[in-house]
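Number of protein chains: 6
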Amino acid sequence: MRGLLVGRFQPFHRGHLALVRSLRAGPDAEPLLLVIGSAEQSYTWTNPFTGGERFEMIERALAEARVTGVTLVPVADIGRHALWVRYLEGLLPAFDRVYSRNPLTLMLFERAGYSTVRPPLVQRARFEGARIRARLARGEPVGAFVPPAVARYLTQLNAAERLAALRPARDRRAPPARSDR
Amino acid sequence: MRGLLVGRFQPFHRGHLALVRSLRAGPDAEPLLLVIGSAEQSYTWTNPFTGGERFEMIERALAEARVTGVTLVPVADIGRHALWVRYLEGLLPAFDRVYSRNPLTLMLFERAGYSTVRPPLVQRARFEGARIRARLARGEPVGAFVPPAVARYLTQLNAAERLAALRPARDRRAPPARSDR
Amino acid sequence: MRGLLVGRFQPFHRGHLALVRSLRAGPDAEPLLLVIGSAEQSYTWTNPFTGGERFEMIERALAEARVTGVTLVPVADIGRHALWVRYLEGLLPAFDRVYSRNPLTLMLFERAGYSTVRPPLVQRARFEGARIRARLARGEPVGAFVPPAVARYLTQLNAAERLAALRPARDRRAPPARSDR
Amino acid sequence: MRGLLVGRFQPFHRGHLALVRSLRAGPDAEPLLLVIGSAEQSYTWTNPFTGGERFEMIERALAEARVTGVTLVPVADIGRHALWVRYLEGLLPAFDRVYSRNPLTLMLFERAGYSTVRPPLVQRARFEGARIRARLARGEPVGAFVPPAVARYLTQLNAAERLAALRPARDRRAPPARSDR
Amino acid sequence: MRGLLVGRFQPFHRGHLALVRSLRAGPDAEPLLLVIGSAEQSYTWTNPFTGGERFEMIERALAEARVTGVTLVPVADIGRHALWVRYLEGLLPAFDRVYSRNPLTLMLFERAGYSTVRPPLVQRARFEGARIRARLARGEPVGAFVPPAVARYLTQLNAAERLAALRPARDRRAPPARSDR
Amino acid sequence: MRGLLVGRFQPFHRGHLALVRSLRAGPDAEPLLLVIGSAEQSYTWTNPFTGGERFEMIERALAEARVTGVTLVPVADIGRHALWVRYLEGLLPAFDRVYSRNPLTLMLFERAGYSTVRPPLVQRARFEGARIRARLARGEPVGAFVPPAVARYLTQLNAAERLAALRPARDRRAPPARSDR
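For the protein sequence lines, the chains are A, B, C, D, E and F, in the order given. Under my numbering, think of the first position of the first sequence as 32, with each following residue one higher. Under my numbering, think of the first position of the second sequence as 32, with each following residue one higher. Under my numbering, think of the first position of the third sequence as 32, with each following residue one higher. Under my numbering, think of the first position of the fourth sequence as 32, with each following residue one higher. Under my numbering, think of the first position of the fifth sequence as 32, with each following residue one higher. Under my numbering, think of the first position of the sixth sequence as 32, with each following residue one higher.
Calculated directly from the structure, the hints in this document are not laboratory data. Among the hints, erroneous ones may be present.
Said to hold, decoys possible - Derived Cβ-Cβ restraints for the label pairs, each shown as a range:
#, chain 1, residue 1, chain 2, residue 2, range
1, E, G100, B, R33, 33 to 39 Å
2, A, R52, D, G110, 50 to 56 Å
3, E, E141, A, P172, 44 to 50 Å
4, F, R157, B, G170, 46 to 52 Å
5, A, T186, B, G100, 23 to 29 Å
We put the CB at the ideal spot given by N, CA and C, even for glycine.
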């Protein structure tokens, strides 16, 4: 048995880490494929970090947390939902169980015959990509929201400056909408 | 320091395994990124196996040979040589040294400022993708050319039948050309 | 003479059926090419059904209504408006007259030298894709808005569940905008 | 039950017509989806006619031969064999049985769980696309190889002139290779 | 030394012309590459004019203003920010300095090692693409905002009619948002 | 009136220069659009130089030969012949007359209603891209085949080394086929 976890990880935050940790806990934990979705996207407000930067930050966070048994795979979008599960099957080794909280992801995998699991919330309101990106864009600290290794890496990338430049005009005053997936 | 090794691995053979093993030998061996190139290609004579099947066969062969410290990443083609190195940089964590015997690959990475290494031949005439695919298509055994775990996996995939169906008409009698890269 | 009717048909509703019926009425009615646009799109809020599902629902609705002489052609987008008419010309048999209510569609075909017709409204406020999708997402009956064969097919597809999962967060409370084309 | 027949039909010849006729013969004949493959290709030596021109010639040939119950669907390539069957499923209404003589097509549909049928040869050596294109390029008559309606349409298109211009230099003297699929 | 100026020029207005003029003023002015971005886009509310129409209007405006030493290059989008600078490098002759007011453009070129310049505002509130498009869509004169040659060309193109057809429903009453880049 | 000349210019040779010069000779010469085709291709045996490198070499050769009135436009392929002329129309300012020796190019423009001209041969056997690339790959001098400015630029690019690396195995001994277009 091997599990599959798909996300965009913009950035990889403490909620993500808690989930990965729980999936890898215990002596019978199955190995995990962690797909970095929309890997070709970067330098946009919704996808500020490249697939490679996200690979790096996740790898560092897992090493810091001593989580093993996770294989990272950056996957570019194909823009066709009906083919997406089949596309992943063509790129990845076999997997059995899919973890996601996204209703569309769950529906597409269920339709293709996979067993799906909707993991419980880990303070989603708190650990949310859009919220963390907005904090970065406003120059506010994000250390409470991301693993320490990610916080250091974001500083190294000058993430605050990047996010400030990418923020759309309409979000300059109001807090960002909760439209992250 | 992290090394990068790019190939199509159609299929992953003993020459590939010997190379990976040598790069991971010794106490100071650097971690290795192994890029499965043309990952979106499959069911053609030159690229018969899906990216996922190649992921699976490499993973099994490395486990069998007890080689660790290798990260597999399937990468689809973008069809533009001049952008390829930059595309890889956007998908992968940082790497420093590139291993290849392909002159084009070496040239493109050198032009982008990378240190490149051309590893010595490991019986290339013997361990060559095109030759192994031709053997499969003719129903000949390939156990002497691929690691045992790959041989078992190829049987499980009915690889011989697949290759026979994909073989172009002009190759049905003559041995295939040595045009593998 | 052959007519062309382009739409996305998400889903095919009674307004669409009334239009097709009127174009095919009378002894001199011209044969009709019905293009299912954005055929590669599916599982989004605006394009929930695959091209094939739309093909199926239109075919069933036309059979039920005993409308003949209509050829269905699913056509994927090319994302370039200036080339779109020429792209259709390359995929379809010759046609002379184009039926549409969409100003952009009319403009593009007129610019390419086609005769265009803007058919009269058939209770557009009532028979509108966005409105029907919103009803489906809220679990409300749609039998008054789509042909009976389509209503049965939507039930068979579990369309209500699909639409509920696809509905964007911002539309969960308010009724959807009238931005359908 | 509905059947599926896939081909490029460059051009639609008497072998194709005989096959379609046999599949539609008898009172229990199933309706047939005829997919015009590589529909976006045209003006090359292997694919000289646009998808629309092929649509037109097939439609005329079927009308002339009084064959009914065939739905023509032009489908553009996606360049990824492993996804191709799933792509067709997303564009077409449901089908059950697949007719082809191409080993790859048969393999891909079988792998996806479809019932496949390899129809008997109808003088393949005689009725073959590559051979007919070569005749056209040399200005030789093709009336014995294509249905009368197609022969007239090819004249109307100035097909001989087009093929002569598209013929690759290496084929100007020797007869073309039998590499048609 | 050669300068690079990137924009969408929907349409080319007096602010653009003033900027190009200032960059080409003086005896030591460097030659200028003017990239017409999103060149493949047209007939949308944000990108109403084709790359060729924009080429034509800029060429006419520069001729009218007797500005020389400017090379126009239409460039289609590639949809991947991280590769965009490298993509331009692959299409254009060498350049040294990049002029832009867009923070993302400046960041991407700086990251690639280019010298960048943020030219001063030329009445941006007044000369702004989105505002001029909205005026066109409402049938209001734009002569005060674009060079005379562009005004004449827009009349020749029936730009007002095109913009009116393209305007999204939500903008029919309210003035358009200032989201132009 | 404006003329259009399309080529790949791999590399720009003396035959190309002679043609451009003749089209720009005389007081009534029309301005010329010179399209650098397959501009996104590079680092292959058939298309070794990037669009930007070709832009640079043509610009230098025209300056050296004091040829003016030529606008260079790099254009990427779209892979669909039937749309290619329309695609060019969407990227370029208006043109009236098309110069080419390629039968396909001439056919496609004629079909779209353009006036075409087939310029006379300028020692084609001698000045041919494939032949010059083969000479470069073998390390032979090419000064007699390309304008002096191009020869210097090729040296600066280390073109000989690049071509040697790109040469396909089958061409290492025999002279390359004459399949250039």
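Problem - Hint check for G100(B) and T186(A) - Cβ pair distance inside 23 to 29 Å - result: holds, 28 Å
Exercise for the section: Starting from the range 44 to 50 Å, see whether the pair E141(E) and P172(A) falls in it by beta-carbon distance. Expected result: For E141(E) and P172(A) the Cβ distance comes to about 25 Å; the hint is violated.
Problem - Hint check for R33(B) and G100(E) - Cβ pair distance inside 33 to 39 Å - result: violated, 46 Å
Exercise for the section: Evaluate the given range 46 to 52 Å for the C-beta pair formed by R157(F) and G170(B). Expected result: Since R157(F) and G170(B) have Cβ atoms about 51 Å apart, the given range 46 to 52 Å holds.
Practice task
Look at the Cβ atoms of R52(A) and G110(D) and judge whether their distance stays inside 50 to 56 Å.
Solution key: violated, 40 Å
In terms of the numbered hints stated before, the structure departs from hints 1, 2, 3, listed from lowest to highest.
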